[in-house]
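For reference, the chains in residue letters:
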Amino acid sequence: MTVTTAPLTFTGRSREEWLRKPALPDSQLVNTGIYTSSAMHEEEMDRIWGKVWLPVCHESELPEPLDFRTTGIGGNKPIVVVRGTDGRIRTFLNICPHRNNLIVRAAAGSLKQAEPSGNPNHMTCMYHGWQFDAQGRCVEIPREKAGYQDRLCKEQLSLMEIRTEVAFGGMVWVNLDDQGRESLTDYLAGSLDAMRDQLETEPLEIFHYQKSIVRCNYKLFFDTSREFYHDFLHFHNRQTSMVKPGYFEQKYTEYPNGHSVTGFTTVDYTSHTGAAKRLLTFPGLPANGWRHTTIFPASAYNIRTSCLRINVMIPLSERETLVEIRGLGLKRDTPEERAQRVRDYNSVWGPFGWNLHEDLLCAQTQTQAIKPGSGATWNLMARVEDNKVHDEVCVRSYYAEWERRMGRRASECLAGAQQA
Amino acid sequence: MNAVPYEVMQALQVLVYRSCTTMNEERWSEYLALCDPQAFRYQVLTYSPEIRREQCWADRDFRAMKSAFDLLPRHNSDRSRLTRHVVVQHADYDAATRRARVETQLTIYRTQIDGTMSYIESGQTTLYAIGRYEDEIGLDEDGTARLLARTVRLETRQLDIGSHKPF
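Sequence lines, in order, name chains A and B.
If you're matching positions, the first sequence starts at 1 in this note's numbering and goes up one per residue.
If you're matching positions, the second sequence starts at 1 in this note's numbering and goes up one per residue.
To be clear, the hints were calculated from the coordinates, so they are not data collected in a lab.
Every value quoted in this text rests on a predicted model; they were computed, and no experiment measured them.
Some hints could be false.
Unchecked claim - Okay, the calculated beta carbon distance ranges per label pair: (1) T201(A) / L45(B): 43 to 49 Å; (2) Q135(A) / D94(B): 54 to 60 Å; (3) R153(B) / P78(A): 54 to 60 Å; (4) L45(B) / Q179(A): 41 to 47 Å; (5) E336(A) / R98(B): 54 to 60 Å; (6) Y127(A) / N24(B): 44 to 50 Å; (7) L45(B) / P78(A): 27 to 33 Å; (8) E412(A) / L45(B): 18 to 24 Å.
The beta carbon of each residue, even a glycine, is placed where N, CA and C say it ideally should be.
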């Protein structure tokens, strides 16, 4: 018997064709290895996350002297943000210099309340009872002289302090690079100027906090914050934004250091079934107005009518990201105004909102598709539409900044990283 | 000790359990039929130790709840099934107004249909959220119980990627 093999007649691409680098400029391609490489992640933590200003919480989360807030920043560094008795907010690495125990365990609180083995007004390491004041000074070492004689003393054992500024709507920003000279204002390079009236006219206050450990590389979720070609993902946006005259004329403006601003627009919420007309707004923002700024490497300010949403991402590894999402209104809100802001916020965002769930779902399914060995190799960011809303310039500019800081092309194949 | 009449307690329990079975089986219209169209208010509340205040994650009236159900097929949702296990723990009843307050412990399991990669995760069940229902329930003259308000008070504050489906 003779067995004959018919020639391949694929209608799709062959494996070789699929893997071939698309005929596009390098600036319009990302090799998916940069989302999956643990070595690349470590390098990012050093070259990017260790050098830039990062928002970590809002000042209204620690309103009183001796209030504190703990969180983490790039590379799993635990930090504690403390408001001193002088009212100033400072940030410290939340690690005891003695045996490297975590010092402050609660997510937030007041140092006025003493720990079981410490004094009030101090941060106490429960392990051996070392205590630190709100300025990071070591103020108590049990049996100090007996153990260390004159070899070590409290004055040499303060906490590691981290550069901190409170600005742009009362966010607390930190920078791990204490040799750096770039101020926060210089780093943001005017990217939040268009929101100045909304952020600076009067004090803001947090009313909504959501966190989620998302099984994706932080850049993948941040990509969805940068571009609005993905409005097709959201039924809500198709109904409320894309139908508005002028939607396709919105333009992105790129700023130094990789920040991006989406052109101002208004949204017709009433065209989404069940949605109420939005009247409440922010100072200087027209009714139904929308302003949006994304800040390198992974945070965003987003004002939709009555709510300011601020996203902060904390990369946990190359495949896991802690996403913190805050909703803010005006500190002087009446109870009725605040309730309205909460309703507006939850309709789109929040764990039960229409859009956020879809964004997070998409980031996770994309992560599954680009696992090493899956066959995924190239992310395209090649849409060019005069910087208008479906142009992928805002993703290209992000990776241009990433390349500048990492000293390599995002389109390069990485040794030991993802290959199909 | 509150002395809720046996028949009333039965009606309250049946309502709470039925509200869960209809939601579990995604029979949304049958769930809505258990709610008072004029009075119904649905809220999800949780205390955040991070910001040290109670926060609201959903606040809907009957109309908003109905439109949310109606729009579900239009959205890209995680289609995992949610299974609500509940135990009614406490009820207070005011015979004069024919109104009751009922507290119910809530456990929600999630069974992946798609997961994030259907051929790997589909079929997996995990504990998704815990909390309690605080219900206000009215009884009609004929003894029919209707949900006037439901507050879902969540202990769980990390809900993975969130949910388009209410709890």
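Results of checking the hints against the structure:
1. T201(A) / L45(B): 43 to 49 Å: With Cβ atoms ~30 Å apart, the hint is violated.
2. Q135(A) / D94(B): 54 to 60 Å: Between Q135(A) and D94(B), where Cβ atoms are some 56 Å apart, the hint holds.
3. R153(B) / P78(A): 54 to 60 Å: Once the Cβ atoms are compared, 30 Å apart, the range 54 to 60 Å for P78(A) and R153(B) is violated.
4. L45(B) / Q179(A): 41 to 47 Å: With a Cβ separation near 46 Å, L45(B) and Q179(A) satisfy 41 to 47 Å, so the hint holds.
5. E336(A) / R98(B): 54 to 60 Å: Violated - the Cβ-Cβ distance for E336(A) and R98(B), about 30 Å, lies outside 54 to 60 Å.
6. Y127(A) / N24(B): 44 to 50 Å: holds, 47 Å
7. L45(B) / P78(A): 27 to 33 Å: holds, 29 Å
8. E412(A) / L45(B): 18 to 24 Å: Once the Cβ atoms are compared, 49 Å apart, the range 18 to 24 Å for L45(B) and E412(A) is violated.
This entry does not satisfy hints 1, 3, 5 and 8, going by the numbered hints stated previously.
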